[in-house]
Amino acid sequence: DSGVTQTPKHLITATGQRVTLRCSPRSGDLSVYWYQQSLDQGLQFLIQYYNGEERAKGNILERFSAQQFPDLHSELNLSSLELGDSALYFCASNSQGSTDTQYFGPGTRLTVL
Amino acid sequence: DAKTTQPPSMDCAEGRAANLPCNHSTISGNEYVYWYRQIHSQGPQYIIHGLKNNETNEMASLIITEDRKSSTLILPHATLRDTAVYYCIVRVNNAGNMLTFGGGTRLMVKP
Chain A
1 DSGVTQTPKH LITATGQRVT LRCSPRSGDL SVYWYQQSLD QGLQFLIQYY
51 NGEERAKGNI LERFSAQQFP DLHSELNLSS LELGDSALYF CASNSQGSTD
101 TQYFGPGTRL TVL
Chain B
1 DAKTTQPPSM DCAEGRAANL PCNHSTISGN EYVYWYRQIH SQGPQYIIHG
51 LKNNETNEMA SLIITEDRKS STLILPHATL RDTAVYYCIV RVNNAGNMLT
101 FGGGTRLMVK P
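So the protein lines, in turn, are chains A and B. Per this note's numbering, the first sequence starts with residue 1, numbered consecutively. Per this note's numbering, the second sequence starts with residue 1, numbered consecutively.
Please note that the accuracy of each hint is not assured.
Claimed, not checked - Derived DEER-like restraints, expressed as beta-carbon distance ranges:
(1) 92(B) to 17(A): 36 to 44 Å
(2) 45(B) to 10(A): 33 to 41 Å
(3) 80(A) to 16(B): 48 to 56 Å
(4) 92(B) to 84(A): 29 to 37 Å
(5) 5(A) to 77(B): 40 to 48 Å
(6) 42(A) to 21(B): 42 to 50 Å
(7) 38(A) to 11(B): 48 to 56 Å
Derived from the structure by calculation, the hints contain no laboratory data. For clarity, every value in this text was computed on a predicted model and none was experimentally measured. Every residue gets a Cβ at the ideal spot worked out from N, C-alpha and C, and that includes glycine.
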């Protein structure tokens, strides 16, 4: 158990819909990272937040957005969903201390029908 | 971050040591070597990391060549539960930046 929690575990929805994925980082960690893993693309970085502020952006679509709240949990919002958005979505956290190791949550499996 | 090259797949007999190689010939002096694994569709699991010295923890050992252009992750006594995709990643530490995953090595531990 990494200490990072993600909800829900599974999500099934239809094209055009909007969903929200939630991530709670390990206690004390200030940074949250979101990654997407689809069958054809592998694990890809989407976006990073540090203590409530956006820190870095990767290959995140404009239809996707994220935020980190004062209690440090983060939400990834996916809108106007397409079939190709079906994937595993992982969040990771770290403290940005001396080791800077990222620890991953169990993921949310999104299926868009 | 430097690019890494790993064999796409490897087999290992249960109880034997699994030696997973990684080439990172363009690694910079301030880049660390990190290893993660992903069992089935679970979240990637941190294994170990190092800069230039060999490292060992309860999960594995990491051997980094003197020129730092390659490394080997060693699982001393592989079990069936070690079957996973193993990712070698090089990155600057303390930068707070993202991890760049390649294709990894799919390790199959066989009875």
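Hint-by-hint comparison with the structure:
1. 92(B) to 17(A): 36 to 44 Å: holds (39 Å)
2. 45(B) to 10(A): 33 to 41 Å: Given a distance of about 20 Å, which is not inside 33 to 41 Å, the answer is violated.
3. 80(A) to 16(B): 48 to 56 Å: Check passed, 50 Å falls within 48 to 56 Å.
4. 92(B) to 84(A): 29 to 37 Å: holds (32 Å)
5. 5(A) to 77(B): 40 to 48 Å: Given range 40 to 48 Å: violated, Cβ gap about 31 Å.
6. 42(A) to 21(B): 42 to 50 Å: At 20 Å between Cβs, range violated.
7. 38(A) to 11(B): 48 to 56 Å: At roughly 27 Å between Cβ atoms, residue 11(B) and residue 38(A) fall outside 48 to 56 Å, so the hint is violated.
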